[in-house]
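Line by line, the protein sequences give chains A and B.
My numbering numbers the first residue of the first sequence as 1 and each following residue consecutively.
My numbering numbers the first residue of the second sequence as 1 and each following residue consecutively.
Since the hints were made in silico from the structure, they are not lab data.
Wrong hints could be hidden among the right ones.
To be verified - Which residues of chain A face chain B? A partial, calculated answer using Cβ under 10 Å:
no.: 1; residue: V65
no.: 2; residue: P70
no.: 3; residue: A160
no.: 4; residue: L169
no.: 5; residue: N170
no.: 6; residue: V174
no.: 7; residue: E228
no.: 8; residue: Y234
no.: 9; residue: R235
no.: 10; residue: G255
no.: 11; residue: N257
no.: 12; residue: Y355
no.: 13; residue: T392
All C-beta atoms in this analysis are idealised placements derived from N, C-alpha and C, irrespective of residue type, glycine included.
2 protein chains.
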Amino acid sequence: MTMQYGTFDDKNKEYVITSPDTPRPWSNYLGSTEYGAIITNNAGGYSFYKSGGMGRFVRFRFNSVPLDQPGRYVYFHDHGTRDFWSASWQPVGKPLRRYKSICRHGTAYTTIESEYDGILSEVTYFVPLGKSFEIWKVRVTNKSKKVRNLSAFTYLEYAANWNALDDLLNIQYVQYITQMNVVDGIIDHGTNVSIPEMPENFKEKDQGRHTFQALAGGRVVGYDTDRETFLGPYRSYANPVAVEQGKCSNSIAYGDNPCGSLQSKFTLKPGQTKEFLVIAGIGKAEKEGKNALKEFSDISKADVELEKLKSFWHKRLEGFSVKTPDTELNATVNTWGIYNCLMTYAWSRAASLIYSGIDRDGLGYRDTVQDFLGVMHSIPDEVRKRLELMITGQASTGGALPVIMPISHAPGKEPLPKEEDYRSDDALWLFNAIPAYVNETGDISFYTKVLPYADKGEDTVFGHMKRAIEFSFKRSGAHGLPCGLHADWNDTLRFGPRGESVLLRCSFDMHSKHMST
Amino acid sequence: MTMQYGTFDDKNKEYVITSPDTPRPWSNYLGSTEYGAIITNNAGGYSFYKSGGMGRFVRFRFNSVPLDQPGRYVYFHDHGTRDFWSASWQPVGKPLRRYKSICRHGTAYTTIESEYDGILSEVTYFVPLGKSFEIWKVRVTNKSKKVRNLSAFTYLEYAANWNALDDLLNIQYVQYITQMNVVDGIIDHGTNVSIPEMPENFKEKDQGRHTFQALAGGRVVGYDTDRETFLGPYRSYANPVAVEQGKCSNSIAYGDNPCGSLQSKFTLKPGQTKEFLVIAGIGKAEKEGKNALKEFSDISKADVELEKLKSFWHKRLEGFSVKTPDTELNATVNTWGIYNCLMTYAWSRAASLIYSGIDRDGLGYRDTVQDFLGVMHSIPDEVRKRLELMITGQASTGGALPVIMPISHAPGKEPLPKEEDYRSDDALWLFNAIPAYVNETGDISFYTKVLPYADKGEDTVFGHMKRAIEFSFKRSGAHGLPCGLHADWNDTLRFGPRGESVLLRCSFDMHSKHMST
Chain A
1 MTMQYGTFDD KNKEYVITSP DTPRPWSNYL GSTEYGAIIT NNAGGYSFYK
51 SGGMGRFVRF RFNSVPLDQP GRYVYFHDHG TRDFWSASWQ PVGKPLRRYK
101 SICRHGTAYT TIESEYDGIL SEVTYFVPLG KSFEIWKVRV TNKSKKVRNL
151 SAFTYLEYAA NWNALDDLLN IQYVQYITQM NVVDGIIDHG TNVSIPEMPE
201 NFKEKDQGRH TFQALAGGRV VGYDTDRETF LGPYRSYANP VAVEQGKCSN
251 SIAYGDNPCG SLQSKFTLKP GQTKEFLVIA GIGKAEKEGK NALKEFSDIS
301 KADVELEKLK SFWHKRLEGF SVKTPDTELN ATVNTWGIYN CLMTYAWSRA
351 ASLIYSGIDR DGLGYRDTVQ DFLGVMHSIP DEVRKRLELM ITGQASTGGA
401 LPVIMPISHA PGKEPLPKEE DYRSDDALWL FNAIPAYVNE TGDISFYTKV
451 LPYADKGEDT VFGHMKRAIE FSFKRSGAHG LPCGLHADWN DTLRFGPRGE
501 SVLLRCSFDM HSKHMST
Chain B
1 MTMQYGTFDD KNKEYVITSP DTPRPWSNYL GSTEYGAIIT NNAGGYSFYK
51 SGGMGRFVRF RFNSVPLDQP GRYVYFHDHG TRDFWSASWQ PVGKPLRRYK
101 SICRHGTAYT TIESEYDGIL SEVTYFVPLG KSFEIWKVRV TNKSKKVRNL
151 SAFTYLEYAA NWNALDDLLN IQYVQYITQM NVVDGIIDHG TNVSIPEMPE
201 NFKEKDQGRH TFQALAGGRV VGYDTDRETF LGPYRSYANP VAVEQGKCSN
251 SIAYGDNPCG SLQSKFTLKP GQTKEFLVIA GIGKAEKEGK NALKEFSDIS
301 KADVELEKLK SFWHKRLEGF SVKTPDTELN ATVNTWGIYN CLMTYAWSRA
351 ASLIYSGIDR DGLGYRDTVQ DFLGVMHSIP DEVRKRLELM ITGQASTGGA
401 LPVIMPISHA PGKEPLPKEE DYRSDDALWL FNAIPAYVNE TGDISFYTKV
451 LPYADKGEDT VFGHMKRAIE FSFKRSGAHG LPCGLHADWN DTLRFGPRGE
501 SVLLRCSFDM HSKHMST
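Kindly generate the complete structure, drawing on both the sequences and the hints.
What follows is the structure in structure tokens.
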């Protein structure tokens with residue numbers, strides 16, 4: 001086992017993973033808060049619309065073996081040798097002495113380049129700016145000296161219900177609501193198709209939902225939409241029967257477990273290259289699918305969109321940069337530190353291989369307000385909006401709601417938290433975030449902006465801060481220290497009804513000084 | 001693919017699955033409501049203490065690929081050939097032309113007999129009566145003409161938290177609470193070991209819990225308790241690195257994903273047989289583990305216990321039997337119909353490969369009261385107890401709580417259901433169950449027994465029935481038919497606030513007649 005798995009590519013702002021057998025999967029994020037996706041260095045992961053927990057249309061089982069399966073796979077079958085492999089090392093997992101693979105995690109895109117048996121493949125995964133679909137840009141080159149007859153098979157395992165909890169655990173229900181379809185070669189992944197659609201209502205899990213998967217620049221010669229048919233009984237992602245046999249069965253899942261695989265065939269002369277795009281996203285095959293396919297009928301448009309995406313991200317990252325003798329420090333400060341802060345800001349622990357998005361759907365108060373600090377200099381306008389949202393998540397008592405649901409938050413109308421549910425530190429983090437915003441922007445008038453409390457009433461931003469201090473004063477213990485309540489910053493301490501927090505007192509003193517200056 | 005996978009063995013009351021590649025996994029139940037377990041014909045499944053959702057200490061990911069993994073595996077490694085396989089066809093899945101396997105699903109036990117490369121193995125899984133541990137009785141015979149040096153490896157994938165929802169989805173928490181240990185060759189699977197234990201409190205998921213795994217009749221030469229160490233990166237249950245290499249690493253999981261594998265070594269001359277027991281169950285290695293090991297130090301005791309279990313079950317099934325010219329009808333009526341009714345009665349859709357036990361933990365009112373009818377003649381005394389429980393789940397309004405939690409149900413103190421949550425048919429099923437009980441036992445005095453309502457007050461059993469009718473009368477619609485409320489028997493119809501149910505009216509008429517006679 002090597003201990004060196006990759007290096008920073010500072011110029012391209014990429015991390016290059018040179019050996020695919022990393023001890024743990026290495027994730028990147030694609031897309032935006034509108035359409036988000038996780039992808040690992042072996043193409044594992046899932047996609048979701050707005051919410052990792054309630055809009056997850058690609059299935060993912062946490063803690064699987066291997067840890068990052070399933071994912072977004074492209075399989076190849078060689079009709080001459082009858083051998084098969086995947087464009088990422090996993091899930092087929094050919095011996096690494098014969099299979100070479102490099103993964104480039106870039107800024108909201110990931111490229112996996114592999115070579116096996118004289119066939120070079122390069123798949124770049126990204127979400128074009130402003131779109132609610134993802135693109136897998138596939139490039140296959142014959143580096144051997146023989147003509148090669150190949151099939152490519154895409155694979156996505158779909159959720160039977162976009163609500164991840166139901167999809168993973170309420171099997172007696174969700175195995176009856178899938179209705180797959182194929183319209184002019186475009187897969188339509190439908191769930192509960194006969195009941196009304198309420199696209200923006202994530203609280204109603206039982207509603208019609210559709211996603212599509214299309215192929216641009218390739219000829220679809222077959223498909224499968226039933227997982228068990230594509231994989232075959234007692235097989236796994238390592239050896240789907242359709243891929244092994246080089247032929248899909250044109251299965252249509254109606255109930256059971258859905259998947260989406262499009263098979264395309266092509267012949268490559270020595271040195272020849274074939275390119276095609278997989279486009280998968282929100283909406284019906286008939287409408288959004290066809291529109292996306294039309295938009296990318298000239299597949300070189302994907303290159304243009306990828307460049308736009310890179311420029312957008314590089315610009316975001318370049319607001320603050322350092323040049324030191326330590327190149328790794330430079331890479332961390334100039335690219336990866338801020339990149340990761342921006343992703344944390346976007347998803348706030350709601351979607352990863354660890355966070356399922358289910359019990360953390362929404363913005364945890366203290367986490368979110370802390371997250372502002374890392375991205376203030378990069379996206380102050382976006383932070384301002386969310387900071388105002390969080391301030392309206394403070395109750396008129398001065399304490400804060402533990403979690404703000406951005407989609408449904410109703411300032412002035414939220415129920416007050418129960419006294420025993422307050423965390424002692426939540427609203428106090430405003431003392432870090434608000435001054436940081438003012439320092440960054442110079443907009444001192446922010447202190448006088450009037451914003452509502454979560455439950456009732458309103459106040460200036462400064463008034464909100466004052467109320468946070470008063471909240472702590474009123475909840476002090478026998479030694480005059482503020483009580484820890486449900487938790488202080490340390491979630492694992494149990495303070496009891498009157499237990500005091502020294503940690504809180506320290507920050508509290510600091511904040512009181514700030515208020516008096 | 002064959003279409004014939006097995007046959008009934010009427011004499012032994014077993015279903016014999018003669019080909020292991022069944023289209024879907026075929027499950028059996030082991031144990032009791034105290035210690036329950038699911039096992040498939042390829043040894044997939046999980047175990048739980050009292051509750052499939054809140055007491056599940058063996059991990060299971062629903063809808064996996066294959067559908068029934070992980071499970072209770074015994075692997076073999078041949079130190080001569082360096083080949084390896086499993087005592088059930090899956091998870092290693094050797095080619096079926098070389099691997100023969102028969103599964104016998106019996107009455108609360110399952111035997112898997114396999115032969116590969118001259119080695120015959122037979123594993124019988126069962127829970128001894130009255131015990132809170134399971135036994136895997138393993139018998140290995142050398143049918144070849146050579147001396148064979150073998151290792152056997154057990155495998156159980158443990159839950160990091162007994163609460164299945166947390167274990168599957170709250171990864172950021174549960175990957176920090178495991179503490180495995182090995183005490184005198186007995187695995188101790190500990191979770192949250194530093195916080196207090198509350199064995200009977202299933203509402204508190206954050207508490208210390210222990211299970212053990214021991215080997216009787218074999219010499220433990222190594223172990224693994226860390227899943228990633230045993231399996232190896234980017235491998236699966238089909239090819240654990242420890243099994244492939246023939247050597248465990250003595251890993252101790254502290255956090256991360258726990259598992260339990262005990263390696264034992266033995267040499268078999270031609271014709272020689274080796275027997276050992278795997279004992280896995282509730283409690284600490286130091287105490288309950290050592291006690292169980294002591295109890296079964298003479299491993300032939302397992303045969304005695306297995307016979308006791310068979311007698312117990314066969315006696316339960318033999319209360320009613322038929323002899324017709326159709327042997328399959330006989331098998332269904334005399335064994336499998338009543339056996340499945342008893343299992344449904346026991347678990348009420350709370351634990352299977354489909355029911356995760358999470359949203360169905362507890363007794364659904366109408367399901368449970370219907371389930372009585374299938375087992376009344378077999379276990380009338382047990383039914384009486386649960387029937388009384390269900391009657392105390394009827395509210396003083398006459399309607400019923402949708403779900404009764406047997407562990408925590410508090411008659412007279414339960415909150416009233418919201419009006420919109422009543423199902424119209426729940427309490428009406430008492431009209432099938434109560435007379436059936438009286439008919440079976442002749443105990444007409446049951447009608448005059450006084451039992452509390454769920455929320456307040458009490459009444460005779462007959463009075464409870466009357467209240468159920470009144471509930472329906474009070475909730476009639478424009479045509480004088482009873483309203484469907486949240487649902488009638490058909491859960492998928494939406495009646496709206498005043499919609500009426502013809503289905504309900506029919507049963508209602510029948511019940512009214514019953515009351516007046």
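Check your understanding: Which numbered hints does this structure break?
Key -> 10, 13
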